[in-house]
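Assemble the whole structure, with the sequences as input and the hints as a guide.
Number of protein chains: 2
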Amino acid sequence: MLKLAIDMDEVMADTWAKFIQRFKEREGFEITSEMLTGKELSQAVPAELKPRVHEWINEKGFFRDLPVMKDAQRVVKELNQKYEVFVASAASEFRNSYEDKYDWLEEFFPFIDWRHIVFCGDKSIIGADIMIDDRIRNFSQFKGRPILYSSPHNHFIKDYERVNTWEEVAGLLL
Amino acid sequence: MLKLAIDMDEVMADTWAKFIQRFKEREGFEITSEMLTGKELSQAVPAELKPRVHEWINEKGFFRDLPVMKDAQRVVKELNQKYEVFVASAASEFRNSYEDKYDWLEEFFPFIDWRHIVFCGDKSIIGADIMIDDRIRNFSQFKGRPILYSSPHNHFIKDYERVNTWEEVAGLLL
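So the protein sequences, as listed, match chains A and B. For the first sequence, the positions run 1 to 174 when UniProt numbering is used. For the second sequence, the positions run 1 to 174 when UniProt numbering is used.
In case anyone wonders, no lab produced these hints; they're calculated from the structure. Bear in mind that the values here come from a model prediction, so they are computed numbers and not experimental data.
Since the list gives no way to pick one copy over another, a pair counts as held whenever it fits inside one copy or between any two copies.
EDC-like cross-link-like pairs, simulated, lysine to aspartate or glutamate; straight-line CA separation at most 20 Å:
hint, residue 1, residue 2
1, K143, D129
2, K60, E106
3, K39, D134
4, K18, E93
5, K60, D103
6, K60, E99
7, K143, E84
And the structure:
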């Protein structure tokens, strides 16, 4: 069975949606999709609001209630029948995210057992056949088939097989 | 630079020493090294004490104060100059161990940055050149060079390159 590594943030979970909502609610600052195109979140907000990104992302609970990406539950469940699915998240960057991410997976993707949860940093250690990720830095040493999941920040990146939705992932891999 | 994946429990950290101490202190039960040879910890204790293993290992804090294996700090630090060292622990089996293991590493192995911390389950996802581990199940799909770190439970296992101490790891890899 082929090993399929799937990223969490901006692929299974809509992390940026939570940031956008937070900036609106707590700072009264509206982030439009145009402001994010080809940019990092911290580049889309005024300089004085930048520290909020770092602050919130290190907060306990931040990753616990992220919205699930449309169709992700259904498609990942189906992929899990055909591939050995590993969820591979760079959670080690945020020590306080481990339990939130684990609990989130248990709630929304209960068919992914602990054996298939990988919380890492540098993804060059991942030895999978296929990797779905929104960050091309994670593909730099990857020997398998990389599939770029579209996110505003990677909008202008070329030269990768790209999917825009989980429906498209299903069309490609199922 | 070659990628070297190093296991935590029973390799960097003396997990069983903590169990042995606990059984003695809390249950008045002494575990000798003879009782552990070629066995799992739960096989070395009377049936009525078996549930303690599961209970304690899932406790918050259990992994936070494990003794560091002799010479591990010095040798891993030296290895980290010559190899790309990843600490790869099957922490996902114990959700409550994530933060403890992260904090333990930060305290005793501060030179291992978050990019090189991998908390996984099934280690078949690890794509490294060398793996030091006490569990041969972690070598079953491993394409690199496996090095078995001696632990009482693996005493009778043959057919693997074996090290008994960190001093021996140094002799082999440095």
